[in-house]
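Starting from the given sequences, assemble the full structure and let the hints guide the process.
Residue numbers (numbering that gives the first Met the number 0), protein chains in the order written: chain R, 0 to 140; chain L, 0 to 176.
Covered stretches of chain L (chain R as the covering partner; in silico rule of three or more C-beta atoms under 8 Å from a C-beta of chain R):
1. 36-43
2. 60-67
3. 74-86
4. 133-144
5. 147-156
Straight line, CA to CA, 27 Å or less: simulated DSS-like cross-link-like pairs of lysine-lysine:
6. R:LYS106 <-> L:LYS100
7. L:LYS100 <-> R:LYS114
8. R:LYS106 <-> L:LYS168
9. R:LYS114 <-> L:LYS154
10. R:LYS128 <-> L:LYS143
11. R:LYS116 <-> L:LYS100
12. R:LYS114 <-> L:LYS143
13. L:LYS46 <-> R:LYS128
14. L:LYS46 <-> L:LYS143
15. L:LYS154 <-> L:LYS168
16. L:LYS154 <-> R:LYS106
17. R:LYS116 <-> L:LYS154
18. L:LYS147 <-> R:LYS128
19. L:LYS118 <-> R:LYS128
20. R:LYS98 <-> L:LYS154
21. L:LYS147 <-> R:LYS114
22. R:LYS116 <-> L:LYS143
23. L:LYS143 <-> L:LYS154
24. L:LYS100 <-> L:LYS154
25. R:LYS116 <-> R:LYS128
26. R:LYS116 <-> L:LYS147
27. L:LYS143 <-> L:LYS100
28. L:LYS168 <-> R:LYS98
29. R:LYS106 <-> R:LYS116
Keep in mind the hints are simulated off the structure, nothing from the lab. In this text, a Cβ means the ideal position worked out from N, Cα and C, and glycines have one as well.
The chain contents come next:
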Amino acid sequence: MESQTPTHSEHHEHAEHALPLTHDDFFVHSDIPWHRQKFVWMIILSILAALVLTGISLRLYVTSGTAQLDLSRPGYESVRAELDQDDIQSFESTGAVNKSTITQFEKLYDSQQEKTKTNQFSSSALSNKAIGITTVPDAGQ
Amino acid sequence: MRSILRGLFFAFALVGLVSQPSHAVSAAILTDAQIEAIQSNCSEIQKNLSSLHMNDAVLRVNLGQRYQNIARRLMAPLNSRIALNGLDGVALSQTTVRYNKSIDEFSQSYATYEQSVQKALDVDCRTEPIEFYSSVSVARVNRKDVAKVVDTLSKLGVQYRTQLVAFAKTVPAEVGE
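Here it is in structure tokens:
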């Protein structure tokens, strides 16, 4: 049985004789103006809805304080490694309460409490000297 | 009629004076030399402030996480366990409530502080040195508020530990077993 598919040379020959493609070959021509077409309005409204929702989301992101906790923002790459990665063991909320369980709790509690001891929010970190305003005297310091 | 209006005027003036924020920061009085110093060291000052801003963000996240761990994973389960065993853990529960409230205060005070530092960073100290210094002064006051809440949380943590020691003395070795 002979194959009906054109050979490579026939394809090449056909392409040489074909007319060049025009704008109308790609786009369906319509007499309806763009502002009367539902598809165009669907695209415009979709973009507007996306912009409004993104704006609301960003607003919530900033006002809720989430932005302050989000260290994946640009500029925080250098300090990301300093974040605490330790996952602490939770104390069981059910079971006996005796000297042994309290001792077990105390160990967990003391280890966590120790980590909260800090004076890094001291006012000296924001003093004139600390931030480099050397000639301005610190008010009340 | 005029006396009534005068009375109203003084009343409004008085209300205005009384309702001034308690943390109002007095306007910074800077000499020309000091203003010049801020302007000339501007880039260095902004760099230091930006570095502090980033370090504070890490500190806030780490500290907040530790406070939450203590409250949710340790204090709350123990209080629940004490209640389930029919023991008196009221004092511990009260401290936990205050601890949780202070964690919220910590988040709020840090948010206020962070916004004030960000505001100072947004001010161009070359062109607006007085405005910049004023913003830094506001940030200092807000930082003190954060430090105060951190101190409160630390004290509450110690208080809970002390109450736990007192509670442990009342617990017989075999209770709940």
